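S.K.: Now for the letters of each chain:
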Amino acid sequence: MKTESRLEKVLEAGAFAVTSECGPPRGADPDVIREKGALLKGVVDAANITDCQTSVVRMSSLASCLILKEMGFDPILQMVTRDRNRIAIQSDILGAAALGINNILCLSGDHQRFGDHPQAKNVYDIDSIQLIMTVKKMRDEGKFLNDEELTKPPQLFIGAAANPFADPVDIRALRLAKKAAAGVQFIQTQCIFNLDRFGQWMREVVDMGLHEKVAILAGVTPLKSVGMGKYMKNLVPGMDVPDAIIERLKGVPKEQQSAEGIKICIETIQQLKEMKGVRGVHIMAIEWEEKVKEIAEGAGLLPRPKV
Amino acid sequence: MRLDYPTNVKIVRVPCTGKVDLLHILKAFEEGVDGVYVAGCLEGECHFLSGNLRAKKRVGHVQGILAVLGINPARLQMYNLSAAMGGRFVEIAQEMTERVKALGPSPIKTGKGREFVEEEEEEKGQ
Amino acid sequence: MIVAEAKPLEEVLAMIDRYDKIILAGCKECAAVCAAGGEKEVGVLASTITLARKRDGRAIEIREVTLERQCDPEYVEGIREFAGDYQAILSIACGVGVQYMAEHYKNIPALPGLNTSFMGGSLEQGVWSERCQGCGTCILHLTGGICPVTRCAKSLFNGPCGGSAGGKCEVNKEIDCGWQLIIDRLKALGEFEARYTELFPLKDWSTSRDGGQRTITREDLKQ
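Chains as they are written, first to last, in the numbering used here: chain A, 3 to 309; chain B, 33 to 158; chain C, 17 to 239.
No lab work stands behind these hints, which were simulated from the structure alone. As the structure is a prediction and not an experimental result, all values here were calculated from the model. All C-beta atoms, glycine included, are put in the ideal place defined by N, C-alpha and C. Please note that the accuracy of each hint is not assured.
What the simulated footprint calls covered on chain A by chain C, stretch by stretch (three residues with Cβ under 8 angstroms from a Cβ of chain C suffice, anywhere in the stretch; the number is not a length) [as the list claims (entries may be wrong)]: (1) 4 to 14; (2) 127 to 134; (3) 165 to 173; (4) 180 to 187.
Label pairs and their in silico Cβ distance ranges [unchecked claim]: (5) C:Asp226 to A:Asp172: 29 to 39 angstroms; (6) A:Ile89 to C:Gly111: 25 to 35 angstroms; (7) A:Pro120 to C:Lys203: 26 to 36 angstroms; (8) A:Gly211 to C:Lys189: 34 to 44 angstroms; (9) A:Arg28 to B:His56: 56 to 66 angstroms; (10) C:Glu77 to B:Ala99: 19 to 29 angstroms; (11) A:Ser227 to C:Ser133: 42 to 52 angstroms; (12) C:Glu55 to B:Ala116: 31 to 41 angstroms; (13) B:Ser114 to C:Pro89: 35 to 45 angstroms; (14) A:Pro32 to C:Asp226: 28 to 38 angstroms; (15) A:Pro120 to B:Pro38: 49 to 59 angstroms; (16) C:Ser145 to B:Glu130: 37 to 47 angstroms; (17) A:Gly211 to C:Ala210: 15 to 25 angstroms; (18) C:Ser138 to A:Glu72: 52 to 62 angstroms.
Can you build the whole structure from these sequences, using the hints too?
M.R.: Written out as structure tokens, the structure is:
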């Protein structure tokens, strides 16, 4: 049985999918989501709402997803295991499905030490792979984790994240295999700047036949400036930004760097489209959501197909 | 060499400064002495190889305790010299005596409270 | 051993401020091995407290005693004869010892001189590192003898996460990524293929902490 997810339908139809994400506000204002959503209208097949990313408190993903849904989007609920135990997790899964949210992205979540409340106790009752198993069990077996029957199974398209650039490099494709075995259906990768390295990972993934079991959406992020490039290169774990990219940005005058960053992003997408096994793109324009449309347009991804 | 050194210096002889324990130094201050210094062999020349290095660490540790207690850690010092350096021995005794005289009697004797605040000293140092 | 660390001096002095006759009780086991509460540390702390009092023109009488352990009733009873003469017991054993003192000497406040942290071992002289969090269901045979609960910052059972970099944990670059260690070890043991591809089932945390104090009994040894 398929879910109502538009993302799933687009992938089933064989089209190249486009997703993006919105960071919710650090306050109770729903209009922030509505404004960000408005920038993505007609540009994406589905949109993620992050879940207290980098362990910084923001409006809940579930609430924000509902706001996006009311605008006509197909939201992707991001759920981390850092803050909730299996009781709350199963409860939220039922809640999301009841509200008509069709997609869930299963993550462990950044550790609380990174965030704005480092004194908090974390949970990590289960990990991201076990979360995938949980959603699958509830949806396909109609059971809770304790094997008791639930009354109406939640219909959710199951996603997770993958980082081809993290260490140890030699097990990254294997880890994707584990997620596939657990039941994941789509993957969004960490943003890609090093196409060679990404290509290597994709080849391993294709060799294992995983590209047929899991829809891989390649992550991209436009760089606003040399500063941003350097920051991501040096201070963000699991990120690979080749020197050539930084040099390219340095080569243009400061006021043109952001335009160059967009260009690089578009070129990256165009190359990703040609790679075997890549079935879509996940555009992460952090606090720069207004550029997503330009990027999608420049990469020939608009208009989105009707499904 | 028959050189004179200040009479207020009382010597406690040990076979190696590595034998000096935290408690020896702390007890001395408890008794009310105004200053303590540990004189060990030159670094790299310890007869027992690293006794003087252990002493250095222990002196550092007690200086830390003194600072937290609000007792000026300058009352405790580590010095290094060889057995042949009679002149230096006298120099050290004089230097330490001058330093401690300037600091005045130990707060342990006077019972008048802290004489030293860590942050203030750091600011002065800057 | 249980690894603990001396509380900051100011905190200890504030705790005993209203007392002028206390017992300072050390322990010859874990607290001594991690150089936090053994006989040596009893002597140094007693001297330090005395210096603080003398500095302020006040007095204090400290009865220094170091017990075999503070987690066995027989040893804790060892101070019964004179405990009543004192106003408080400052214990520099682990949190267990402080509580045993409180339980045995109900009318005398038992004060903690240490912050008890974890179960671990010595890495080298002067350095102790955490290895066990007492989850109650040990699976070390499945992870090459390296604990994912303790050594992975997120206690993942299907790790590593996407933040592992250069074999180090993204949360704290000083510590190794627990899962990098597990993978390396499984490979060295020739167990990688068999173990790593298995999906680790959900952990039963009911044997772990936060269910009230746990008790273990050997019926054959009970009186």
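S.K.: Each hint should be assessed against the structure and marked as holding or not.
M.R.: Status of each hint after checking the structure:
1. Beta-carbon proximity to chain C at under 8 angstroms applies to 0 residues in the segment 4 to 14 of chain A; the threshold of 3 is not reached and the given coverage is violated.
2. Counting residues of the segment 127 to 134 of chain A whose C-beta sits closer than 8 angstroms to any C-beta of chain C gives 6, which meets the bar of three, so the coverage hint holds.
3. Residues of the segment 165 to 173 of chain A with a Cβ under 8 angstroms from some Cβ of chain C number 5, which satisfies the need for three, so the listed coverage holds.
4. Counting residues of the segment 180 to 187 of chain A whose CB falls under 8 angstroms from any CB of chain C gives 3; the rule of at least 3 is met.
5. Evaluation of the 29 to 39 angstroms hint for Asp226 of chain C and Asp172 of chain A yields a pass: the beta carbon distance comes to about 37 angstroms.
6. Here the CB-CB span from Ile89 of chain A to Gly111 of chain C is close to 29 angstroms, well matched to the stated 25 to 35 angstroms.
7. At roughly 34 angstroms, the beta-carbon separation of Pro120 of chain A and Lys203 of chain C lies within the given 26 to 36 angstroms, and the hint holds.
8. In this structure the supplied range 34 to 44 angstroms holds for Gly211 of chain A paired with Lys189 of chain C, their Cβ-Cβ distance being about 36 angstroms.
9. The hint said 56 to 66 angstroms for the Cβ distance between Arg28 of chain A and His56 of chain B, and at roughly 57 angstroms that hint holds.
10. Between Glu77 of chain C and Ala99 of chain B the beta carbon distance is about 26 angstroms. The supplied range of 19 to 29 angstroms therefore holds.
11. Taken as a hint, the range 42 to 52 angstroms holds for the pair Ser227 of chain A and Ser133 of chain C, whose Cβ atoms sit roughly 43 angstroms apart.
12. Judged by the Cβ atoms, the range 31 to 41 angstroms given for Glu55 of chain C and Ala116 of chain B holds: they are separated by roughly 39 angstroms.
13. Taken as a hint, the range 35 to 45 angstroms is violated for the pair Ser114 of chain B and Pro89 of chain C, whose Cβ atoms sit roughly 56 angstroms apart.
14. About 36 angstroms separates the C-beta atoms of Pro32 of chain A and Asp226 of chain C, a value consistent with the hinted range of 28 to 38 angstroms.
15. One distance hint, 49 to 59 angstroms for the beta-carbon pair Pro120 of chain A and Pro38 of chain B, holds here, with the actual separation near 54 angstroms.
16. Taking 37 to 47 angstroms as the suggested C-beta distance range, the pair Ser145 of chain C and Glu130 of chain B conforms, at roughly 46 angstroms.
17. Judged by the Cβ atoms, the range 15 to 25 angstroms given for Gly211 of chain A and Ala210 of chain C holds: they are separated by roughly 21 angstroms.
18. A hinted range of 52 to 62 angstroms holds for the C-beta pair Ser138 of chain C and Glu72 of chain A, which are about 59 angstroms apart.
Hint compliance for this structure: hints 1, 13 are broken, all remaining hints hold.
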